[in-house]
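Peer 1: Here is how the chains run, residue by residue.
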Amino acid sequence: MNPNVQDPEWKKGSAELLVLSLLEDQPRHGYDISKLIQMRSGGALRFHVTSLYPLLHRLEKEGLIDGRWVEKADQRRRRYYHLTAPGRKVLRSKQQGWRDFVTAISRITGIEHA
Amino acid sequence: MPDWKTYVRERMAPWRLKPEEESGLAEEVAQHLEDCFRELRSGGAGEEEAYRRTMEELDNLYPLRAGLERNQLLPRYDAVRAGETSPGTLLEGIWKDFGYAFRSMRKSPAFVLVVVAVLALGIGANTTVFTLINTLLLNPLPVRNTAELAAVAAEDARNTRQSEAVFPISYADLKDYREQNQVFRTLAGFTSVRGLTLQEHGVAQGIFGEFVTANYFSALGLEPARGRFFSPDEDTVAAAHPVAVLNYAAWKTRFGGVEDIVGRPLQVNNVMLTVVGVAPPHFIGVNAVFGPDLWLPATMAERMVPNSMQNLLTDRAKTAFLGVGRIKPGITRGQAAANLRAIAGTLARQYPATNDNHGATVRPLDDVLLSSSGGTGASAVYASAALLIVAAIVLLIACSNVANLLLARAAARQQEMAVRLAIGASRPRLIRQLLTESVLLGLMSGVAGLLLASTGIQFLFGQLPGWANFPTPKLDATVLIFALGMSLATGLLFGTVPAWKASRANVAEGLKEAGRTAGRSRRRVTMTNALVVGQVAFSFLLLVTAALFLKSMGRAYAIDPGFQTAHLAVFPTSPGQAGYDKTRTKGFYQDVRNRVSRLPGVQSVSWASGMPLWARTVTGLQLEGWQPRSRAEQIRTVIETVDLDYFETAGVALETGRVFRSADRESSLPVALVNGKLARDNWPNGALGKRIQLPGEKMERQVVGVVRTANYTSWGEPPQACVYVPLEQNYTDAMVLYVRSQGNPETIIAPVGHELHAAGPQILVFGTRTGSGIVDGGLFQAKVAVGLLTTFGLLALGLASIGLYGVLAYSVQQRRREVGLRMALGATRAGVLRLVLREGMSLVITGMVIGLVSALAVGRLLSRLLFGVTASDPLSVGAAALVLSAVALAACYLPARWATRVDPLTSLRDA
Chain A
1 MNPNVQDPEW KKGSAELLVL SLLEDQPRHG YDISKLIQMR SGGALRFHVT SLYPLLHRLE
61 KEGLIDGRWV EKADQRRRRY YHLTAPGRKV LRSKQQGWRD FVTAISRITG IEHA
Chain B
1001 MPDWKTYVRE RMAPWRLKPE EESGLAEEVA QHLEDCFREL RSGGAGEEEA YRRTMEELDN
1061 LYPLRAGLER NQLLPRYDAV RAGETSPGTL LEGIWKDFGY AFRSMRKSPA FVLVVVAVLA
1121 LGIGANTTVF TLINTLLLNP LPVRNTAELA AVAAEDARNT RQSEAVFPIS YADLKDYREQ
1181 NQVFRTLAGF TSVRGLTLQE HGVAQGIFGE FVTANYFSAL GLEPARGRFF SPDEDTVAAA
1241 HPVAVLNYAA WKTRFGGVED IVGRPLQVNN VMLTVVGVAP PHFIGVNAVF GPDLWLPATM
1301 AERMVPNSMQ NLLTDRAKTA FLGVGRIKPG ITRGQAAANL RAIAGTLARQ YPATNDNHGA
1361 TVRPLDDVLL SSSGGTGASA VYASAALLIV AAIVLLIACS NVANLLLARA AARQQEMAVR
1421 LAIGASRPRL IRQLLTESVL LGLMSGVAGL LLASTGIQFL FGQLPGWANF PTPKLDATVL
1481 IFALGMSLAT GLLFGTVPAW KASRANVAEG LKEAGRTAGR SRRRVTMTNA LVVGQVAFSF
1541 LLLVTAALFL KSMGRAYAID PGFQTAHLAV FPTSPGQAGY DKTRTKGFYQ DVRNRVSRLP
1601 GVQSVSWASG MPLWARTVTG LQLEGWQPRS RAEQIRTVIE TVDLDYFETA GVALETGRVF
1661 RSADRESSLP VALVNGKLAR DNWPNGALGK RIQLPGEKME RQVVGVVRTA NYTSWGEPPQ
1721 ACVYVPLEQN YTDAMVLYVR SQGNPETIIA PVGHELHAAG PQILVFGTRT GSGIVDGGLF
1781 QAKVAVGLLT TFGLLALGLA SIGLYGVLAY SVQQRRREVG LRMALGATRA GVLRLVLREG
1841 MSLVITGMVI GLVSALAVGR LLSRLLFGVT ASDPLSVGAA ALVLSAVALA ACYLPARWAT
1901 RVDPLTSLRD A
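Protein chains in written order, with my numbering: chain A, 1 to 114; chain B, 1001 to 1911.
Derived from the structure by calculation, the hints contain no laboratory data. Wrong hints could be hidden among the right ones.
[To be verified] Here are the simulated SDA-like cross-link-like pairs (lysine to any residue), alpha carbons at most 25 angstroms apart as the crow flies:
hint	chain 1	residue 1	chain 2	residue 2
1	A	K35	B	R1041
2	A	K35	B	E1027
3	B	K1005	A	H48
4	B	K1018	A	V102
5	A	K35	B	A1066
6	A	K61	B	L1017
7	A	K61	B	E1021
8	B	K1586	B	G1696
9	B	K1107	B	L1443
10	A	K72	B	E1039
11	A	K89	A	V102
Predicted model only: the values in this text are computed from it and were never measured.
Full structure from sequences and hints, please.
Peer 2: Here it is in structure tokens:
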């Protein structure tokens, strides 16, 4: 784990943004989402099954994503999630909010955005 | 490939998700785990390692459970407790809660004992009061369909505003109402309870009787326990049927409950009666408090009590009966009253001399049930409500005591609560469990309270004279339901807040702490202190009220009743009831005077027709030169027949004129004395020489003297008119012997009784009392009020002191570290003592201030019941404050002393 990404509060606050972002391009299932987060963060971020699925269900309940069972030949059926229209709006808002937040922090701490 | 779905389902089983939710989630998670496992295997991990690393995903299920909880996917009912296989139904759950509560209580027997003892006092007090109300007011008649029953009484046709007093009607009027009305299914009549003389084996005993119409028992819907009731033909011809029906308890106690009671002869008032039946158990007539030993047909009244009941059956001016009957279905009391009023109007036109402006009214039975004991329905309800409120205050104090105890106990059980929350119990579930414990405590206290109440009631009723005339206390299903309801309500009342607070235990904190030093949360301390302040306030309110009534009673004792009581003894007799005729009776009176006046210690002797404070008033007095324009203007007056030397014996002062003398005989000028009230109201220029005519007399009497106004019907009454006539000019066959003693009147009771018996062995002497006994009787109600208020006040104070002590003791225990620190830093023992005392007494003073404000408000409401005492009487308030402060200080002192004994080293080390 990257020693710089230690604060669990950061992870908690950005979880929704991560999930919604990953569903922006295409529908995905839960394992897919968790692997992508791990890979794209270089192993710094990891969501266990016990925290990922409650989050997915909550987002689904709030109407930001929609889950559907898909059965493919020779495969167990999987639940794929895709972004809904309200979800897209929330994603935009969160992305903007995150950019503003990072800018503000950078200004105070003198950390430059890579 | 491992069966991931089964693993996941097993781990989620305790959460009892809905099948469709569980299935979907299990499938998703299982698929995730399978993907993870495959990836690990394809990355080169062995099966065992891949399995182990995959299963690490399920290590900490708490976030999943918390997430499901947030998403409201968890069911309402709790998870299965460890060791159980299924949660069962709600009832099963509650039954298990009771079992758990019982086991929990077994571990703290001292705590349970204290709680049950404290609550039992409160519940017992309330149940006692309710039993009294149940016995006297709620269905006191053991008859069916009491809702149909109503009473018939007289009223002034010109003033139909219902007065509290109940006025009787004449036998002849009652008969007309019965025959002409269209609203009653049955209508019967009865007189008030009368004292009679039972002569048995040559000994005269007092016995109480009521004269009733033949249909009395059938109208009430009663069946005899033995024999029969009166038949219709026994109520037609005067004095033709000397029969009697016994009170069930009188049969059991006075006549030994013998089997052959029916047919037994009884000599009462010198008339040989035959017992024809026994009334059913618990029936004491249409009376809530005091009933007769036997019932007699109304047609026997004139023969048995000839002097006062002459022409009772025919004279419409002789009003002695009240009616009771069953109203026809569909007819209201108002409609029934209207019908009777119409009949009364007809009678008034037919008999203007006696029935002018006589009306009739139909009243609730409660008004009549208490009238024989001088009360009314309204006053009884008022007194009952006041008693219940006071008892409820005591229970509230007990509840707040227990709530404090439970709050303290909840703090000590934080760890237990935290563990239960951590393994899956929900807050509603915890609250239900804790409330079950409180309800169980409440029920146990209810049982103990019921036992206390039963003992208390038996004790109270045991103080009554052992006659059969009082109602038997009714500890029936109604009282049981009341006690049960009270127990449940008590449990919920004191248990709700502590249960709610305990269920909010912080899981992390509770699991960390050993549980011993549970800590004092600021909010809990505030609530605890508020409860104690409330208890002190209530106690002070009761104590101040009791002190006000006590002082008022002291003032009442100091009232001058207009006659002397310090050296007075009275002996009621009734020669007429022993069969004495006029000559023999007059001889008896003279003989007794001679005998008693010779006794040592006797200063003077006389006779009078009435007992002090027991007089009745009559209307119809006519004054010279004045005619009332209507019945409403008639003068209501007391009439007393008195012998020579009465005024000297009774200590009634003469204002002007003269008292009666031996020249005032039957053949001489009819004379009378009047009291100051009558004289000044009607003859401002002087009453001497004026003429008056008494109701029922044809001649006029001349006023020869005016005496001081006294109290005649009740202690401290407003002035009312009184006329005295000499015994020689108004023969009565029942008189009261008045004796003025030189010293203590108790010393002459026995010698005078002996002389009375010697002069007339068959004559009953019943109800002897001294002057102080008369005063006590006059102040009976006030004494009862003071006794009850003081008892409840001290009880409340005792409970509040226990509460105060408990709170302070707990506070000292919790603050041991702080106290140790203070002492280590140089605080003296005296300083620590002051610290703790200050904490306790500040609560007491706050409570007293609140209690004082409430007491002033309550005192204002009760001011009309107080004699010469204001609601803010400083002496009463000061006395109550002193008592409360002393007791509170004692309650605070012990814990304060413990605090000074804290060893700083030990307390700091233990911290």
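Peer 1: Please write out, lowest number first, the hints stated earlier that are contradicted by the structure.
Peer 2: Checked against the structure, the only hint that fails is number 4, while the rest are satisfied.
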